[in-house]
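Enquirer: Protein sequence lines correspond, in order, to chains A and B. Just so we're aligned, residue 307 is where the first sequence starts under the numbering used here, counting upward by one. Just so we're aligned, residue 16 is where the second sequence starts under the numbering used here, counting upward by one.
Note that these hints are calculated values from the structure, not bench results. Please note that the accuracy of each hint is not assured.
[Said to hold, decoys possible] Reference listing, derived: stretches of chain B covered by chain A, where coverage requires no fewer than 3 residues with Cβ under 8 Å from a Cβ of chain A:
hint: 1; region: 363–369
hint: 2; region: 381–389
hint: 3; region: 394–403
hint: 4; region: 416–430
Glycine residues also receive a C-beta, built at the ideal position from the N, C-alpha and C atoms.
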Amino acid sequence: MPKAKITFQDINQAVHVPVGTRVIEVSEKVGSGIIYGCRECDCGTCVMHVEEGWNNLSEPSVLEEKVLRENMAGRHDRLACQAQIIGDVTVKPA
Amino acid sequence: MSGPVNILDTGGAIEFAPRVHWIGAMDPSLRTFDIILKTANGTSYNSYLIRGSEGVAIVDTVKENFAEEFFRRLESVTSYDEIKVIVLNHLEPDHSGALPQLMERAPQARLYISQRATAMLKGLLKPQGEAFEYTTVGTDDRVSLGDRTLRFLHTPFLHWPDTQCTYLEEEQVLFSGDVFGCHFCDSRLFNDKVGDFRFSFDYYYAHIMRPFKQHVLDALELIEPLPLRIIAPTHGPILRDRPERYVRHYRELSTSSLSGEIGNNEKSLMIFYMSSYGNTARMAEAIYAGADEVDGVRVSLFDLEGGEVDPFVDLIEGADGLVFGSPTINGDAVKPVWDLLSSLVVVNLRGKLGAAFGSYGWSGEAPGMIEDRMRGLKMRVPLSGIRVKLIPSDEELVECRGYGRAIAATLVGKPIRKQVLDLADLAG
Numbered sequence: 307m308p309k310a311k312i313t314f315q316d317i318n319q320a321v322h323v324p325v326g327t328r329v330i331e332v333s334e335k336v337g338s339g340i341i342y343g344c345r346e347c348d349c350g351t352c353v354m355h356v357e358e359g360w361n362n363l364s365e366p367s368v369l370e371e372k373v374l375r376e377n378m379a380g381r382h383d384r385l386a387c388q389a390q391i392i393g394d395v396t397v398k399p400a
Numbered sequence: 016m017s018g019p020v021n022i023l024d025t026g027g028a029i030e031f032a033p034r035v036h037w038i039g040a041m042d043p044s045l046r047t048f049d050i051i052l053k054t055a056n057g058t059s060y061n062s063y064l065i066r067g068s069e070g071v072a073i074v075d076t077v078k079e080n081f082a083e084e085f086f087r088r089l090e091s092v093t094s095y096d097e098i099k100v101i102v103l104n105h106l107e108p109d110h111s112g113a114l115p116q117l118m119e120r121a122p123q124a125r126l127y128i129s130q131r132a133t134a135m136l137k138g139l140l141k142p143q144g145e146a147f148e149y150t151t152v153g154t155d156d157r158v159s160l161g162d163r164t165l166r167f168l169h170t171p172f173l174h175w176p177d178t179q180c181t182y183l184e185e186e187q188v189l190f191s192g193d194v195f196g197c198h199f200c201d202s203r204l205f206n207d208k209v210g211d212f213r214f215s216f217d218y219y220y221a222h223i224m225r226p227f228k229q230h231v232l233d234a235l236e237l238i239e240p241l242p243l244r245i246i247a248p249t250h251g252p253i254l255r256d257r258p259e260r261y262v263r264h265y266r267e268l269s270t271s272s273l274s275g276e277i278g279n280n281e282k283s284l285m286i287f288y289m290s291s292y293g294n295t296a297r298m299a300e301a302i303y304a305g306a307d308e309v310d311g312v313r314v315s316l317f318d319l320e321g322g323e324v325d326p327f328v329d330l331i332e333g334a335d336g337l338v339f340g341s342p343t344i345n346g347d348a349v350k351p352v353w354d355l356l357s358s359l360v361v362v363n364l365r366g367k368l369g370a371a372f373g374s375y376g377w378s379g380e381a382p383g384m385i386e387d388r389m390r391g392l393k394m395r396v397p398l399s400g401i402r403v404k405l406i407p408s409d410e411e412l413v414e415c416r417g418y419g420r421a422i423a424a425t426l427v428g429k430p431i432r433k434q435v436l437d438l439a440d441l442a443g
């Protein structure tokens with residue numbers, strides 16, 4: 307199975323994951339400070355900032371883009387409950 | 016002694032600054048607000064009317080079943096066709112309840128809400144919400160009423176994401192929403208008339224604003240530079256006598272005066288435990304000893320049996336890491352642990368490190384359940400809990416000590432684990 311590396315900058319920890327894994331499936335287990343509310347692309351609690359590898363996450367859905375907009379997310383911010391890891395990426399809590 | 020202002024009987028508006036009127040409602044029989052708050056004399060839903068040379072603005076409305084009182088007061092000073100601006104500083108139903116009716120009666124008025132309020136407006140005013148036209152505003156956006164100007168301050172999370180304040184520049188009146196409010200009902204209306212309401216003011220802060228202290232401090236950065244003649248909150252007395260004292264008080268309440276005790280240069284790690292036969296207590300002591308070996312961590316050990324919930328909540332607010340120990344009894348963590356873990360809604364736990372441990376007889380669910388709860392509370396739980404079957408052996412106590420060391424090392428940002436892990440290595 308192809309793998310990718312996600313690095314959580316706030317805790318300086320990298321994890322190899324199968325391509326397609328959602329950030330939410332890793333970040334809690336590894337203890338990153340990214341936090342979650344609804345876990346289903348509604349509340350915007352899990353906004354994270356993508357430091358590197360912006361193009362190595364799955365494209366945001368229309369719904370995710372709407373939630374990001376409503377929460378005034380910045381450039382290169384994504385929802386950790388939605389974004390899937392498809393290549394090496396570095397993230398941190400927004 | 017000045018007697019009560021008899022506003023309940025007249026039902027009219029109260030002018031408290033030139034062409035600025037209180038048009039709210041009194042709810043003296045309320046005893047429990049929003050499930051979590053008690054009040055011994057009810058509350059008020061404060062709504063305000065400002066008249067300018069080119070129209071009238073209404074700032075906030077009232078709870079739906081008090082709409083009649085609100086409209087009666089409103090009609091005593093304006094006709095609906097004069098209303099040009101409606102501002103909602105906060106969309107909670109006790110302030111937006113009369114909005115649909117107001118919009119119907121004054122269809123020409125423009126609604127101004129914060130940028131974060133749009134989703135809430137739709138959620139609250141189904142299905143009419145979709146039909147409402149509104150303008151979103153942020154800090155320093157202004158709306159003119161001719162000779163008077165309303166300026167907006169973006170003050171989110173006080174205590175909802177949507178909250179904002181509105182400042183009437185010419186009269187130096189701050190319409191602060193729930194900020195500086197309290198559930199205190201007294202028809203004398205003003206802080207210099209209603210008697211001692213400090214307990215109510217502090218209680219309201221402790222339950223409504225305390226979880227958002229950092230947001231309070233951010234908001235104070237916007238509020239403190241304003242010349243303030245009057246603060247007009249949405250609940251409780253209007254603060255016209257030296258309002259700056261309340262601003263100062265908010266800063267005091269939001270800033271720890273004994274930060275040295277919390278630890279400026281060290282991370283504080285608190286271990287709370289309950290033990291029935293002393294096994295979980297022995298684990299706690301070993302974890303404490305291990306954590307204490309790590310530089311930069313100040314570790315404390317507390318037996319939940321020896322304390323009450325509220326002081327522990329205060330401790331937890333200032334802590335960087337929290338470790339809970341509970342035996343498993345009948346498949347669950349014990350009640351004092353849950354009592355504490357269900358009392359933390361008044362403090363901000365985001366990003367604090369959490370861990371759990373406990374002795375058990377045969378199934379040992381408690382640490383995992385506590386970890387789930389901590390994740391639910393938006394804490395981070397990087398290390399899987401440690402469990403010991405019944406009496407910890409010397410080897411198991413050494414393991415506990417190592418666990419304490421690992422927690423403390425993680426807390427200071429030097430985790431004892433490989434720099435690169437595999438997802439399969441991480442505990443579910």
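Enquirer: If a hint holds in the structure, say so; if it does not, say that too.
Expert: Evaluation of the provided hints:
Coverage of the region 363–369 of chain B by chain A holds in this model, with 3 residues showing a Cβ closer than 8 Å to a Cβ of that chain against a need of three. Taking a C-beta to C-beta cut-off of 8 Å, the region 381–389 of chain B contributes 0 residues in contact with chain A, too few for the three needed, and the coverage statement is violated. With 4 residues bearing a CB less than 8 Å from a CB of chain A, the region 394–403 of chain B meets the requirement of three and the coverage assertion stands. Counting residues of the region 416–430 of chain B whose beta carbon lies closer than 8 Å to any beta carbon of chain A gives 3, which reaches the threshold of three, so the coverage claim holds.
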